[in-house]
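J.: The lines below spell out each chain.
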Amino acid sequence: MLEQLIADCVRDLPPGQVITDHAQLRTYECDGLSSYRCIPGLVILAESSADVAYVVGKCAEYGVPFIARGSGTGLSGGALPRTDGVLIVTSRMNRIVSVDSGDERAVVEPGVINAHLTKAALPHGYYYAPDPSSQQVCSLGGNVAENSGGAHCLKYGFTAHHVTGLEVVMPDGSTERFGGLAPDPVGYDVVGALVGSEGTLGVVTEVTVRLVRTPEAVQTVLAGFRSIDDAGTAVSKIIAAGVLPAAVELMDALAIEAAEAAVHPGYPAGAGAVLVAELDGPPSEVDAQLADVERLCQEAGAFEIRVAADEVERALIWKGRKSAFAAVGRISPDYIVQDGVIPRTALSTVLRAIENVAAEAGVRVANVFHAGDGNLHPLVLFDESKGETERAEEVSNRIIDLCLQHGGSITGEHGVGHDKKLHMGKMFNEIDLDVMQLVRCAFDPAGICNPGKIFPTPRLCGERPGRAQGVHPLTEAGIADVF
Amino acid sequence: MSSDTATPMNVADLSATLKRAAADGRSLGVSGAGTKLEQGADPTSRDLMISTSNMTRVLEHAAGDLVVTAQAGVPLAALQEQVASAGQWLALDPPEAGATVGGVVAAAASGPRRLLYGTPRDLLIGVTVVLADGTVAKSGGKVVKNVAGYDLGKLFTGSFGTLGVIAECTFRLHPLPVARRVITSTVEEPAIAARKVLATGAVPSAIEWDGQTLVTVIESIESACGAQAADVVAAVGGDVSNQLPPGFGQRPASPVLLKVTHRLGALRDALTAVSSRLPGSAVRAHAASGVVWVGADDLTQLDSLRGRAAELDGGVVVVRAPAEMKAAVDVWGPARGIDVMRRIKDQFDPDRRMSPGRFVGGI
Ligand SMILES: Cc1cc2nc3c(=O)[nH]c(=O)nc-3n(C[C@H](O)[C@H](O)[C@H](O)COP(=O)(O)OP(=O)(O)OC[C@H]3O[C@@H](n4cnc5c(N)ncnc54)[C@H](O)[C@@H]3O)c2cc1C
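Which chain is which? The protein sequence lines are A and B, in order.
Just so we're aligned: the first sequence equals residues 1 to 483 in our numbering.
Just so we're aligned: the second sequence equals residues 1001 to 1363 in our numbering.
If you are wondering where the hints come from, they were derived from the structure by calculation, not from laboratory data.
Hints may contain errors.
[Unchecked claim] Keeping only pairs whose Cα atoms sit at most 27 Å apart, straight-line, the calculated DSSO-like set for lysine-lysine is:
{"#": "1", "chain 1": "A", "residue 1": "K319", "chain 2": "A", "residue 2": "K386"}
{"#": "2", "chain 1": "B", "residue 1": "K1196", "chain 2": "A", "residue 2": "K155"}
{"#": "3", "chain 1": "A", "residue 1": "K119", "chain 2": "A", "residue 2": "K421"}
{"#": "4", "chain 1": "B", "residue 1": "K1196", "chain 2": "A", "residue 2": "K119"}
[Unchecked claim] Some chain B residues judged to face chain A by a derived CB distance under 8 Å, without partners named:
{"#": "5", "residue": "V1144"}
{"#": "6", "residue": "V1147"}
{"#": "7", "residue": "S1159"}
{"#": "8", "residue": "V1291"}
{"#": "9", "residue": "G1307"}
{"#": "10", "residue": "E1311"}
{"#": "11", "residue": "G1315"}
{"#": "12", "residue": "V1319"}
{"#": "13", "residue": "V1329"}
[Claimed, not checked] What the simulated footprint calls covered on chain A by chain B, stretch by stretch (three residues with Cβ under 8 Å from a Cβ of chain B suffice, anywhere in the stretch; the number is not a length):
{"#": "14", "region": "39 to 46"}
{"#": "15", "region": "317 to 330"}
{"#": "16", "region": "411 to 418"}
{"#": "17", "region": "437 to 446"}
It should be emphasised that the depicted structure is a prediction, and the values quoted were computed from it without experimental measurement.
The C-beta atom is built at its ideal place from N, Cα and C for all residues, glycine as well.
Work out the full structure, taking the sequences as your base and the hints as a guide.
T.: See below:
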């Protein structure tokens, strides 16, 4: 089937868009989570919505699975290819169709890089608010699929809050539009269901997003604490005091060490933790909030507080934070990025528990995270060459369990993808998952759109249990449950 | 439409009720306080009304986390009262008095402050639903950030009881602003004035237009309110007060109520479209949010207005109209992606027993 499809694509698409050469295919074998690799059966570099519709149509015709890929920075293996499938890469669909300050909307193709959109909007006095740390490289299509967050999502919300319209190539090859420029489109909130669906419901070929006015004033605070505990207390105090900063980020000693080694942000010497808070809005409000944050940090034990005097200082503070994942490479050959969420009041407790788990296992964990949302990114450091992989994975899994014990989530922004599907059953029961599967069946009854992601057990769309007529061979073989 | 009413106490009770109804093949309606039952088309059948009037418990208010979980039948006002004791609020201000949180979510109801805080979809972080066959499912969670699994909350928000019953909701809360300024400005061109207000850099929680005056609401801390109000006055003039004007956020009380939506830059076109077709009609616009509420006496201009609204990327929903007028029109108008919506309905309610016929395209 795949052979036939390849032949069709080679015949119908320009040669530069169809990759069949093994060495070239190999460059697409993983996304940002390189521990899972698989060489795709075929890669198509789509240049238009029509290209995507053509390929997906062929996949539907031949029953071949397909997977969309943007920039490949995903951290849950969401864009992990399949040998028996097609990888549809949207990077060349990078046109910003429109930026309209009157409508406060931009329309973009899915391959547009997140930061490029903000760059295009800034001259109009606007920006695109969700700002993943990977914003210089990740695509809007990938952001939509993952419902990506970023430091400033505490105040401004996640991708889901900013997408108002989508064009989607459905798994049967047809093209549909949902929502648009205007608010409150009638009918079900299909846009809302699509955002965060990790590429399992169709291929997004155009995105309409909300633009946000650039704030009049911005203040960035850097506070140094003796311990991560104190810093966690400061976060809880800030949230509980009703201050809503644009961002509140935390880094612990190990993460600071890594950042200093990599980009020299000049964080307070001897700090056990630093807190980065940004306040934005009308100057009068920002000034008052800045005073509150400074006071609350002091109360929580901050030994040094700096306020960025200008853009250069602000950029330096953020550079340390935004480059932290990569920086950890400086202090450890290998690391796992975890992405759990906890209630904000549990910060100190959970951080301490993580410390214990790590100490017990003899593994180092660096913490750098979106503290304001309770979204932890413990970085579990290890050395594969010394056979530490298993131990690190164990620690990483125990961190997820800790998050769940405290009423949190297995993922705050990186998605379930391939990596975390086995954790889904800890957060949702079988019935919850079955009901989510109904959404899948409405979009992709044939199960060819990024199959095997998110859900722990593959399921078929068909008759419901109780009304099933005969047993499906896959069910009998124990490969899939009918639903 | 008369029917029996069931008043379950909790999720288990609700599920059992729906299982029994399923066994008997009964069609169902869902109501909270019933403030929005008239919205949507009249259902083609309703053997049993599921009322959440006995599901009135606030299950958990995690004040330090600014999160609350409530049964669907909790009146929004009661919820607000409870969380206000911690200096918080659920940032939704729909005008229907007595409305329950479940009803607000099911109807995606919003009010003036949607400008700053968004609509129910933006604040709902977790949901427990019961499907027509009694299946209980949850999605989302109790933390403000979470991307595990499909977000059923989004699908159920604004589904008007056609996918299942919303049983419990978890919301993100916001700090209750401590100070307020209301600037009432007499302006000729609300579209231009609203833009001028925003251009000052102020961050209003609402900008409302009632046909004569533009009302800008600033809610923040005291010092910030004063400074922003002064900026707004400098830009568009007006009187400053601490009080919201009478009838703030209320919609025209005429026999017919229309909701006109438009792309944000087209407020002027939308208002002209309304005034030229329905001269003298009462309007209330969320002037920077793309929504205009229009009072009318009949629906004779509906098609024409819809045609124009479509050019502004929006639509016209008949929110209220006398029964015989409603029956003669499509109250929702065309929906983009209707085929996919039908497929969603088929999956969640294959027997079409949940509020059949009430929603878009006869769903
Ligand atoms: C250093 C680093 C820092 C990061 N920081 C953050 C952060 O702060 N916040 C955050 O949320 N994430 C972060 N990430 C994760 C990642 O960047 C985001 O998930 C991003 O949105 C992925 O975009 P992408 O274009 O790389 O998508 P890909 O990795 O190519 O794909 C991700 C998923 O989206 C699907 N997809 C891609 N395009 C489409 C499309 N057009 N239609 C349908 N589905 C599609 C894929 O199938 C896959 O499931 C970080 C990653 C790195 C490497």
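J.: Work down the list of hints and note, for each, if the structure agrees.
T.: These are the hints, each one checked on the structure:
{"no.": "1", "hint": "A:K319 to A:K386", "verdict": "violated (31 Å)"}
{"no.": "2", "hint": "B:K1196 to A:K155", "verdict": "holds (24 Å)"}
{"no.": "3", "hint": "A:K119 to A:K421", "verdict": "violated (36 Å)"}
{"no.": "4", "hint": "B:K1196 to A:K119", "verdict": "holds (24 Å)"}
{"no.": "5", "hint": "V1144", "verdict": "holds (6 Å)"}
{"no.": "6", "hint": "V1147", "verdict": "holds (5 Å)"}
{"no.": "7", "hint": "S1159", "verdict": "holds (6 Å)"}
{"no.": "8", "hint": "V1291", "verdict": "holds (6 Å)"}
{"no.": "9", "hint": "G1307", "verdict": "violated (15 Å)"}
{"no.": "10", "hint": "E1311", "verdict": "violated (11 Å)"}
{"no.": "11", "hint": "G1315", "verdict": "holds (6 Å)"}
{"no.": "12", "hint": "V1319", "verdict": "violated (11 Å)"}
{"no.": "13", "hint": "V1329", "verdict": "violated (14 Å)"}
{"no.": "14", "hint": "39 to 46", "verdict": "violated (count 0)"}
{"no.": "15", "hint": "317 to 330", "verdict": "violated (count 0)"}
{"no.": "16", "hint": "411 to 418", "verdict": "holds (count 6)"}
{"no.": "17", "hint": "437 to 446", "verdict": "holds (count 6)"}
Checked against the numbered hints given earlier, the structure breaks hints 1, 3, 9, 10, 12, 13, 14 and 15 and satisfies all the rest.
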